[in-house]
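K.L.:
Sequence:
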Amino acid sequence: MDFGPNKRESWKNVLTLAYQSLGVVYGDLSTSPLYVYKSAFAEDIHHSETNEEIYGVLSFVFWTLTLMPLLKYVFIVLKADDNGEGGTFALYSLLCRHARLCSLPNCQLADEELSEYQKDGISSISKSFLGSSLKSTLEKHKLLQRLLLVLALIGTCMVIGDGVLTPAISVFSAVSGFELSMSKEQHRYVEVPAACAILVFLFALQHYGTNRVGFLFAPVVITWLLCISAIGIYNICEWNPHVYQALSPYYMYKFLKKTQKKGWMSLGGILLCITGSEAMFADLGHFSQLSIKVAFTFVVYPSLILAYMGQAAYLSKHHINETDYRIGFYVSVPEKIRWPVLVIAILAAVVGSQSIITGTFSIIKQCSALGCFPKIKIIHTSSKIHGQIYIPQINWTLMLLCLAVTIGFRDTKRMGNASGLAVITVMLVTTCLMSLVIVLCWHKSVLLAVFFLFFFGSIEALYFSASLMKFLEGAWVPIALALIFSVIMYVWHYGTLKKYEFDVQNKVSINWLLALGPTLGIVRVRGIGLIHTELVSGIPAIFSHFVTNLLAFHQVVVFLCIKSVPVPHVSPGERFLVGRVGPKGYRLYRCIARYGYRDIHKDDIEFEKDLTCSIAEFIRSERPEHITRMENDEKMTVIGTSSSNSQGVSICADGGDDHEDSSEIVSAKSPEKPRKRVRFVVPESPQIDSEAREELLELMEARESGMAFILGHSYVRAKKGSNLMKRIVINYGYDFLRRNSREPTYALSISHASTLEVGMVYLV
Numbered sequence: 001m002d003f004g005p006n007k008r009e010s011w012k013n014v015l016t017l018a019y020q021s022l023g024v025v026y027g028d029l030s031t032s033p034l035y036v037y038k039s040a041f042a043e044d045i046h047h048s049e050t051n052e053e054i055y056g057v058l059s060f061v062f063w064t065l066t067l068m069p070l071l072k073y074v075f076i077v078l079k080a081d082d083n084g085e086g087g088t089f090a091l092y093s094l095l096c097r098h099a100r101l102c103s104l105p106n107c108q109l110a111d112e113e114l115s116e117y118q119k120d121g122i123s124s125i126s127k128s129f130l131g132s133s134l135k136s137t138l139e140k141h142k143l144l145q146r147l148l149l150v151l152a153l154i155g156t157c158m159v160i161g162d163g164v165l166t167p168a169i170s171v172f173s174a175v176s177g178f179e180l181s182m183s184k185e186q187h188r189y190v191e192v193p194a195a196c197a198i199l200v201f202l203f204a205l206q207h208y209g210t211n212r213v214g215f216l217f218a219p220v221v222i223t224w225l226l227c228i229s230a231i232g233i234y235n236i237c238e239w240n241p242h243v244y245q246a247l248s249p250y251y252m253y254k255f256l257k258k259t260q261k262k263g264w265m266s267l268g269g270i271l272l273c274i275t276g277s278e279a280m281f282a283d284l285g286h287f288s289q290l291s292i293k294v295a296f297t298f299v300v301y302p303s304l305i306l307a308y309m310g311q312a313a314y315l316s317k318h319h320i321n322e323t324d325y326r327i328g329f330y331v332s333v334p335e336k337i338r339w340p341v342l343v344i345a346i347l348a349a350v351v352g353s354q355s356i357i358t359g360t361f362s363i364i365k366q367c368s369a370l371g372c373f374p375k376i377k378i379i380h381t382s383s384k385i386h387g388q389i390y391i392p393q394i395n396w397t398l399m400l401l402c403l404a405v406t407i408g409f410r411d412t413k414r415m416g417n418a419s420g421l422a423v424i425t426v427m428l429v430t431t432c433l434m435s436l437v438i439v440l441c442w443h444k445s446v447l448l449a450v451f452f453l454f455f456f457g458s459i460e461a462l463y464f465s466a467s468l469m470k471f472l473e474g475a476w477v478p479i480a481l482a483l484i485f486s487v488i489m490y491v492w493h494y495g496t497l498k499k500y501e502f503d504v505q506n507k508v509s510i511n512w513l514l515a516l517g518p519t520l521g522i523v524r525v526r527g528i529g530l531i532h533t534e535l536v537s538g539i540p541a542i543f544s545h546f547v548t549n550l551l552a553f554h555q556v557v558v559f560l561c562i563k564s565v566p567v568p569h570v571s572p573g574e575r576f577l578v579g580r581v582g583p584k585g586y587r588l589y590r591c592i593a594r595y596g597y598r599d600i601h602k603d604d605i606e607f608e609k610d611l612t613c614s615i616a617e618f619i620r621s622e623r624p625e626h627i628t629r630m631e632n633d634e635k636m637t638v639i640g641t642s643s644s645n646s647q648g649v650s651i652c653a654d655g656g657d658d659h660e661d662s663s664e665i666v667s668a669k670s671p672e673k674p675r676k677r678v679r680f681v682v683p684e685s686p687q688i689d690s691e692a693r694e695e696l697l698e699l700m701e702a703r704e705s706g707m708a709f710i711l712g713h714s715y716v717r718a719k720k721g722s723n724l725m726k727r728i729v730i731n732y733g734y735d736f737l738r739r740n741s742r743e744p745t746y747a748l749s750i751s752h753a754s755t756l757e758v759g760m761v762y763l764v
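Going letter by letter, the sequence shown gives residues 1 to 764 in my numbering.
No lab work stands behind these hints, which were simulated from the structure alone.
The hints are all genuine.
Pairs of lysine-lysine residues, derived as BS3-like cross-links and limited to a Cα-Cα distance of at most 30 Å, are as follows:
1. 584 with 507
2. 375 with 720
3. 142 with 719
4. 142 with 499
Sequences and hints are given; from them, build the entire structure.
P.N.:
Right, here's the structure in full:
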C-alpha cells in the first residue's frame, strides 16, 4: 500500500494551518521583545560591568519560555481541548460534562446523548478511588460548584482585561522607537498621540472583520520574527558570541542573590515574555493541535530565543545606554535599519493587538451562550470563516479603556505591571482547572495532578507574588477590570438562575390544560403563536395569563426554548427536540433548539423555516421508537434542520422546484387576496396516515397565515424579607442588566404588528 499522497496532503494541511496561526495566534507573543528588558530593568536594577543582571534576566526569560509555553501549553494543555475548542471556558465546560456540573439551569439528560458528548468518551466510573471521591464531592456540594464557576469567571475576566492592556502596551512600545531619533522633549509630545491614533484606527477597523485584512497577518508576523531573529544573530556574532552561557539556570540564582528584593520584583517584567501564550490554547478551535505545536516549536520559539539572546549580547557590551534611554529594544537595532524595523514593529503590534481583541469578542460570546453574560449584539463578519465576530459595545468599551490606560500611564513600566498580573492570573487559573481535568476527564492519578499543580503552580505563584507587589504601580488596573466584569457576570448568572427557578415553581399543571379542552376555552384562529420560554418541560405561567385574558388564540401554539448546551457545537442533525404538550387535538407543541457555545445562530428567516419543518417532520415520523422520554413524562423526538435531513419534510414557496419521489400537501384555494403560499414536500416512504396528513395541512395553513411572537417581559424583584445584598443584586443590578440586554435574535426581525409583549413580575 502507498500512503504517500495522503501523508503529504495531511502535512500540507498542517503546514498551511501553521502558517495561518502565526498571524492569528502568535502576534502578541512575538512582539514581547519590544518591552520585556525595559520592564525588567524598571526596578532600578543597576546594569553592572559584570553583566550578572543582564545574564540573569536572559536566563529567566529562556527558562520561562521553555517551561510555560513550550512544556506546559504545547505538550500538556493543548491536549485538554473541548472537542477541538480551547480556552478557560472550554476547560470549565469539559469539567461540567465529566463531573455532571452545569452552570446552565435548563440542562437535560437528553443533552448527554449529543454526539459531542460521546466524542469525549465520558465514563461515569473513574479509575481511581480518589478521583471518584473528588467527582462525587463536586457533584454533591453546591458551594464547590460555585467556587469552580467563580474561578472560571476570574480567568475569563482577566483575559478581557488583557484585551485592554495588550493593545496599549504593544502599540506604545512599538512607537517608543521614536525616542532614538528625537529629543526627549519632542518625544514626550509625539509618543502618546501617535499611540492613541493607532489604537483608534485599530478599533475603528474592527467592524470590517479580520477576513478583509487577515491575509496580511501571517506575512507581517513572519517578517517580524525573521527580522528580530536576524538582528539577534547579528548582535550575538558582533558583540558577545559567549552569551549562550547565560542560559544556565545558575545565572538565575546569581541574579536573585545579587539583586534580592529588586530582582524578585523585576520578575513582574520578565513574565511579559510569555504574554500571549494563552492564545495558543484559546484559539485552538480555529486550527489544529499539531499546526500550533509546529508553528511555536520550529518558528516562534527559536526566533524569540535568538531575539532575547541578541539583545542581551548587545547590552552586555553597552552599559551607558541605561542612563540615556533606559534598556529598550530599539537600542540593540543597527542604526541603518532602525526605521524599517520601527514600521514592521508597529504593524506587528497592530496584528498582535488584533488577535487579543478578536479573542476577547470570542470569550464574551462564550460567556453569553453559557448564561454568564447579558445578551448583546453579535455581528458575524465572515460567512465563510467560523468564529470571526464583532461586538460593537465591547469594541468601543475596549477602545475607551485602552486610551485611558495609554494616556493615564504614559510609560511601559506601569503598563507592564498591569499586563503582567493579568497574564499570570490567567495562567494560574488554567493550571488549577487543568489539575482537575487530569483527574476527572483523563482519569489519571491524583498524584500526577498534584505534581502538575505544584510544579507549574509554584512557578506561576512566584511571578504572581512579584506582580501583586506592584499593585499601586499599575497592577490595580486588571484587578479593577476583573472585579467589574466578574460582578456583571455573576449578577447576570445569579439573576437568570433565580428567574428560572421561579418559572419552574410556577408552572401550570397539565390537568388545568386538559380541563380546558382542545379549544382551550377560547376561539382558535389561523396562525402560529411562538411563546418564548426558558422551560424545557411543563407549561409556563405566562400561557395561562394569555388564555385567561385573551378572547382568541392561535390555531397552532409552539412553546419555543432556545438553549445553549455545554459543548462547542451541536450537529445540525441534532438541533431540535420536538414533542407535544397535551393530546394531539390541542395542537400544542414544544420545540427546544439547542446550540453549542461556539455555534452561529442562523438568520431569522432560515430559523423560522427550520422550526416549521422540524414540527412537520415530527408529525410525519411520530413513532414510539423515535421518542426520547423527558422529565415530567414528556416525550421528545430529535429532529435535524431541514438542510441536514434530505429525507425529511421540506418547505417550498410557490414556484419551487418539483421533487422526485415525493408528495405534496397543499391547501384548498381561497378566494381571499393572493398571498405567498407555502407547501410541504413529504417523502413518499414511509407513508403517512390521514390523521397526520390532516395535522400537516393545518400546520401549513397556519404557516401561511403567519407567525406571531409572544414575548414576555419579566420584571424580577426580590421577595419581601430578602437580605439587603440580594435586594441590591436583584432589584438594581440584575434589573439594570436585563433592561440593557438584547432581545432574542429571532424576535428582532418580526414586525411589531406580529409581536405581543406581556409583562410579568417575578418575585425571587
